[in-house]
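Colleague: With these hints in hand, go ahead and build the complete structure from the sequences.
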Amino acid sequence: MKEFFEPSSIAVVGATPKVPKPGYVILTNLKRSFKGRLYAVNPKYEKVLGVPCYKSLREIPDNVDLAVVVVPTHAVEKVVDDAIAKGVKAVIIITAGFSEVGNKELEKRVTSKLRANGIRVIGPNCLGVYYGRTGVDTFFFREPGTPRPPLSDTAIISQSGALAASILDWASVEGIGIGAAVSLGNKADVNEVEVMEYLASKEFNKFLLYVEGLRAGEGEEFLATLAELSSIGKRIGIYKGGRTKASERAVSSHTASVAGDYKVYRDLVSEYGAIALEDFTEVVSFLSAFQYSPPLRGTRALVVTDAGGVGVMLADALPLDLPRPVSVELESKLPDYVKLNNPMDVGGDADDERYRLVLEYLAPKYDLVIVVALMESPATTLYLADIVKESMEATGKPHLLLSFGGVMSNALEKRARELGIPFSKSVDEAVAFSRLLLKEMTSRKLLEVRTKCY
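Numbering (the UniProt record's numbering), first residue to last: 1 to 454.
Think of the hints as simulated: they come from the structure by calculation, not from any bench. The reader is advised that the hints may include incorrect statements.
[What the hints assert, rightly or not] The list that follows gives simulated cross-link-like pairs (lysine to aspartate or glutamate, DMTMM-like), each with its CA atoms no further than 25 Å apart: (1) Lys47 / Asp62; (2) Lys445 / Asp367; (3) Lys2 / Glu46; (4) Lys78 / Asp62; (5) Lys425 / Asp316; (6) Lys234 / Glu271; (7) Lys263 / Asp428.
Modeller: In structure tokens, the structure reads:
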């Protein structure tokens, strides 16, 4: 697996100077980020974008660790033969037109040839690999050179290339860290398990998986890997595609996968320590707020808010308990019109110091703290984010900062991101965040029970 993520040399077969073809975008990406030896393969050119170009893989004078294949379907098998002759160590087949459209024999033949010669393959019908640390980047976006997200210990593993690419693009705009993304496509060879195990041995601790289906015989290994990684503290969120009859048909034509019963799937992955993500709001929350948060240890939540209406909305929707706080000393330090309650309404005139007092006295008594600041009070400043960070570090418990509105809310979000504080822009996102924490806690307990029983 190393050659997919840490190759010393890459050849782009099907490289072209023609915009916006994939062969152009992929070569542009690699020129920008990859520090190893880079080659182009196309019989029409001697150079592409300043990169030496050869008629075939066989003509490249040096060793090739990774070949990225982006040629028409009918030409793929010839490229595979060249890769075998050249001694290429790994192949990514970007090209579509295989089992997802019924061309199963070609896919099987190509994969069998490569495996028989010890060559691993990702794809076909995929976008391949993005690995920020080494600059491997075969994801082709609409615009070549599209910025990538900040590096982090979060990885995306997806059967859908477009979905993974869109999430990378979104994360870059939002400033949310993603260190790696792998688009598996038809999974003719390399699957989710192998990618997870490899990346888990590196710097990665959080995994977002988009799974449409597992091939025959993959289920047991998949679940065992979830259990193994979850038991050592890795955090895994899984969105399962193909939940209805209509989506099952879409899955089959998309990546040639076979979707199974969703409820069974959801219950199983939860039992083995992973989090079943129900909707895209939970996906967003897993990637943004969730990645900065420690795990939940109990079900007691505290809501501190400068907007009573938002507090009521959270109380209606949160899946956790909201026990009323008790602190005579804190009461003596607050204005008469600010009463201890949960949600705790600190008043529309609240300043940073009032938030700090409430968090200092109450946060240690709860398992999750949600701080709402709509930033309409002139007395509340961006330093509130630092106060929330201090409380999170002092208690070691999950905190979430919730704000929405105009310029000040956007500035507060920016400061929260800089400090690594979970942040939400809506009540729905905050509820999704708390739901994920609760799901994770439940899954960990189920895994502990399962481990003890077996």
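Colleague: Hint check: Lys445 vs Asp367, CA-CA at most 25 Å. Holds or violated?
Modeller: Holds, because 16 Å separates the two Cα atoms, which is no more than 25 Å.
Colleague: Tell me if the straight-line CA distance from Lys234 to Glu271 falls inside 25 Å.
Modeller: 15 Å, holds
Colleague: Check whether the Cα positions of Lys425 and Asp316 lie no farther apart than 25 Å.
Modeller: 18 Å, holds
Colleague: Check whether the Cα positions of Lys2 and Glu46 lie no farther apart than 25 Å.
Modeller: Violated, at about 30 Å.
Colleague: Please work out if Lys47 and Asp62 have their alpha carbons no farther apart than 25 Å.
Modeller: 16 Å, holds
Colleague: Quick one, are Lys78 and Asp62 close enough, alpha carbons at most 25 Å?
Modeller: Holds. Lys78 to Asp62 sits at ~20 Å (cutoff 25 Å).
Colleague: When you check the alpha-carbon spacing of Lys263 and Asp428, does it fall within 25 Å?
Modeller: 23 Å, holds
Violated hint for the displayed structure: number 3, the only one.
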